[in-house]
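K.L.:
Sequence:
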Amino acid sequence: MSGSSAPIRFSKRAIERARRRRRRRHLIVGAWVTAVVAGVPGASAGLGLLAPDPSEPTLQVSDIVTVEGSNPVSSSTKFRREVFEARPTPPKPTPTPEPVEAEEVAPETAPEPPAGGSVSDIIYAAAAEFGLDGGYLLSVAGCESDLDPGAVNPAGYHGLFQFDETTWGAYGYGSIYDPTAQARTAARLLAAGEASRWPNCA
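Numbering-wise, our numbering puts 92 at position 103 of the sequence shown, and it's gapless, one number per residue.
Think of the hints as simulated: they come from the structure by calculation, not from any bench.
Honestly, I wouldn't trust all of these hints.
[To be verified] Simulated DEER-style distance windows between Cβ atoms:
| no. | residue 1 | residue 2 | range |
| --- | --- | --- | --- |
| 1 | G120 | P143 | 26 to 36 Å |
| 2 | K81 | E5 | 25 to 35 Å |
| 3 | R8 | P82 | 53 to 63 Å |
No residue lacks a Cβ here, since even glycine has one placed at the ideal position from N, Cα and C.
Let the hints inform the model, and build the full structure from the sequences given.
P.N.:
What follows is the structure, encoded as structure tokens:
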């Protein structure tokens, strides 16, 4: 331990008594000076009030509290260590599962009509108009004329679905070689149950 003495601290009660004495002495001195200046008789007698009051307790040795030197840095470090040791350890965060990428499913689409140019498109459109399967109607036309709107059979049949003049006059419209008119007329008859008109292909 070093030779320097530790600082001396007074108790709160002793400090408060000393403050009251100082205030009282200041008031008495102020009043006495005022009386002397004003020429008040007997003002000199007020000097006796400045003497210490024997009834007033004086500061005793027991009121003195000596504080031995301490190491504030060590105390602070110890306090922080104890606080951190007592602090509960936070739980480890639960890992977030990685999102699973959903497989892309291609939407179902209607089958493309077979290649065949504009004639195939006309046949598929006619089949859809009358509620028939486009592939079926296309197969009938392929069987009858090989998808040739200008086909002519020496037996007297014409066009894409090989209508004769009599049948075309009764059910058809426009030119007998018009592929749209042929496809629509054939689709309408097949949808009505007239498949017997094409005994070899329908």
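K.L.:
Confirm or reject each hint.
P.N.:
Outcome of the hint check:
1. G120 / P143: 26 to 36 Å: This hint holds: roughly 34 Å between Cβ atoms.
2. K81 / E5: 25 to 35 Å: violated (56 Å)
3. R8 / P82: 53 to 63 Å: holds (59 Å)
Of the hints listed earlier, the one the structure fails to meet is number 2.
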